[in-house]
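2 protein chains.
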Amino acid sequence: MKVAKFGGSSVSNAKQIKKVLKIVNEDPERKIIIVSAPGKRSKDDIKTTDLLIRLYEKAINNIDYQHKKQEIIQRYADIVDELDMDRDILDTIDHTLEHYIHELKDKPSRLYDAIVSCGEDFNAQLIATYNNSQGIPTRYISPKEAGIWVTDLPKQAQILDSSYEQIYKLNDYKEKLIIPGFFGVSKHNFIVTFPRGGSDITGAIIARGVRASLYENFTDVSGIYKANPNIIKDPEIIEEITYREMRELSYAGFSVFHDEALQPLHKDRIPVVIKNTNRPEDKGTYILHDREINSKNVISGISCDKDFTVINIKKYLMNRQVGFTRKVLGVFEDYNISFDHMPSGIDNISIVMRSNQIKNIESRVLNDIQKHCDVDELSIDHDLAILMIVGEGMNRVVGTASKITHALAESNINLKMINQGASEISMMFGIKVEDAEKAVRSTYEFCYHGVCIKE
Amino acid sequence: MKVAKFGGSSVSNAKQIKKVLKIVNEDPERKIIIVSAPGKRSKDDIKTTDLLIRLYEKAINNIDYQHKKQEIIQRYADIVDELDMDRDILDTIDHTLEHYIHELKDKPSRLYDAIVSCGEDFNAQLIATYNNSQGIPTRYISPKEAGIWVTDLPKQAQILDSSYEQIYKLNDYKEKLIIPGFFGVSKHNFIVTFPRGGSDITGAIIARGVRASLYENFTDVSGIYKANPNIIKDPEIIEEITYREMRELSYAGFSVFHDEALQPLHKDRIPVVIKNTNRPEDKGTYILHDREINSKNVISGISCDKDFTVINIKKYLMNRQVGFTRKVLGVFEDYNISFDHMPSGIDNISIVMRSNQIKNIESRVLNDIQKHCDVDELSIDHDLAILMIVGEGMNRVVGTASKITHALAESNINLKMINQGASEISMMFGIKVEDAEKAVRSTYEFCYHGVCIKE
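Read top to bottom, the protein sequences are chains A and B.
One point on numbering: in the UniProt record's numbering, the residue at position 18 of the first sequence is 18, and numbering is uninterrupted.
One point on numbering: in the UniProt record's numbering, the residue at position 262 of the second sequence is 262, and numbering is uninterrupted.
Heads up, a few of these hints could be off.
Each pair may be met inside one copy or between any two copies, as identical chains are not told apart.
No farther apart than 30 Å at their CA atoms in a straight line, the calculated lysine-lysine pairs in the BS3-like style are these [unchecked claim]:
{"no.": "1", "residue 1": "LYS267", "residue 2": "LYS416"}
{"no.": "2", "residue 1": "LYS315", "residue 2": "LYS2"}
{"no.": "3", "residue 1": "LYS416", "residue 2": "LYS233"}
{"no.": "4", "residue 1": "LYS315", "residue 2": "LYS267"}
Just so you know, these hints were derived from the structure itself, not from any lab.
Isolated chain A, as found in the complex:
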């Protein structure tokens, strides 16, 4: 049995929804469908979720919100009319929004989660009703009914492990099931949303819960590119990639598939395929536990992300001092900073983190390190981009490092940092922010076309 998730652009209007249902209905294995809120219909359109956020802001600030509410209802009305459906559902939408606003006005963060969950929820109800009316037995299932029980902190839902037993029972239904993505219900009976982009997470949770044979993630691209298409013109699409590779690439800027959504799938080794709603015949990209390596697919992808900061610490005879590093990390823990890399020399240590982790508290953190750790030198560098070259098996091929560093040297890119080894499937390079695009271009051309870009 397959679980299929459709992103916002796949369910933005009647035409798209018909495409989705054609895909769903032509394969009896596609039993459970997760839908997003209606996304943009054109480049200048506004996503339904963003309209809902504005509705929330008006309601919470006691500004007249009727016009905004009508705008939202109109999004669904357009779909209802084009699908030639009964308009009753629009009343339900209206009543539900008013109900939340009046019930939760004194609990702003609860109201926020309830309101923004409506984008997915209304869409799921609408699509289920329509498909059923077309003669295909279809049923809307709310997250609560499905058993998506989550932690209680607003906007930060995490699935409770105990949920999976109830979710497994979805296997008992004979109909096709349509479930809204993006949120669950807490034990205190509040709607709590997943971090944004969280419909991927709902799909992954359901796929794991029902032990799906495949989790199909439909979006508006035919798979995952080997490098950022804003930097590389028409990059190739990855055929197969492992969970681990996907995560390393997501980390440094790949955003096709939501990072945390891999976690539930990883555990039960449920394969994922990223497919294109508009070109369902395209093979897409499979995300798997293992993949076969051949000479052409050693390197899966190349990504680069810019917003990193590095703190450099020098301390003479550092490696002799048991506990020194732990003292330094204690300061980071005090400020709740999670760091990403920690290359170290004999007398030096560098701590690499996302710049947002240390924004605004930088001077306090540096002061505390200075005060508690008795360091010899302390410096901070904000001009750091991280280039990740990711590929299963690259650690087994002699000369990989040589080839990649060669390509970067030919493009005159200085390497502030190289980190290879802890992860067997990636090499990390710290480079100047201004070199980021050039680095992606030069390594892409070299890894996939064997061409050096000389500067």
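Based on these hints, arrange chain B on the given structure of chain A.
Just chain B, lined up with the frame of chain A:
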């Protein structure tokens, strides 16, 4: 004013001692001389210090030690006779050894330190007496008289910061001063030795204390080689090297100059020169705070050491968990293990340490990590050698990494680990133990002769 230290082979017999005193006496700036115990006179000879250790073992086990004691006295007798000196000093030697054995028999670790300190101490007394008899005002100064006050833990002496004030007063003497290396005196009035090879440490402490203009470290080679002469035939000698470079090279196997001896010098930027007692006209290797970089001396040296172990930890979403790394390091701290490197990926961390740090406690450490840190995968690899390429300014030269990895790839060496960046002056490569010599040869040929060794 210069402080000169002479190693064991430089003071092993009368001929060598005459060479040393010629060097000392021809430069009025050479005021303070630190001497080692008599070293080997030929390849199969035994160092005096090793004879003293055997004397200690016999005495502590109530085995008749008279023969061993006579063997030691004979070492000095040979020197005394060849120098045509009065034999009185041999009685002093005999009495001192008997005195220590009887006074300290119930304090084995104190006895050990006292006995082994005799090698240097007797030699200093002998050399001072002889030089004085040659008409050059010379005085033996004991470490206590010099003010070398140290911590009280046997075999692990560390200088007390308060000592330097007293040491500075050595400037007041008009004579040449001969001080034994290798030990100091604790506030409880016990002799405590520095870690072995510790005459270098005494020299460094005195050089710092008297604010020497230069610390001359005389040994039996004409400086520091750019790579291990057991691997590279007749390697070039380094002309100038910085403290930092020296330390990174010492770390991975260079043993010419004792690692910890750099610490006191580093602080006051006192330059060191490594010279050859047998070829004092050779320029030697200068160890300095800064050096000028040109195209030929970017890379100072190449070293490789074999006895490393790495523990690899995988944990999904590791980088999101504030405090995870600190928890892991807590286990290492519990077992008092100091580690050397810690390359990390997004979901992985590797902890590299000297194998002796984890010997015998390996399974307990792994168990504790498993128990306290909830890791996904845990493995250990004993087959790790560390290759260090060290050079000030290499981080400023684009393509250094490319060239070195190229040389290694041409020799078919797989890189388990690359760590560059935390230290600006070195690149570290983790390789298989069996590749260690090949790696040194291939990078040496490439860095200094531009030649690739193809396998």
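Hints, one by one, checked against the model:
1. For the identical chains of this complex, LYS267 and LYS416 are inter-copy neighbours only, at 27 Å across copies versus 36 Å inside a copy, given an alpha-carbon limit of 30 Å.
2. When the C-alpha separation of LYS315 and LYS2 is checked against a cutoff of 30 Å, the pair qualifies only between copies, where the shortest distance is 28 Å, while the shortest distance within a copy is 55 Å.
3. Proximity of LYS416 and LYS233 under a CA criterion of 30 Å is satisfied intra-copy only: 27 Å inside one chain copy versus 34 Å between copies.
4. When the C-alpha separation of LYS315 and LYS267 is checked against a cutoff of 30 Å, the pair qualifies only between copies, where the shortest distance is 12 Å, while the shortest distance within a copy is 41 Å.
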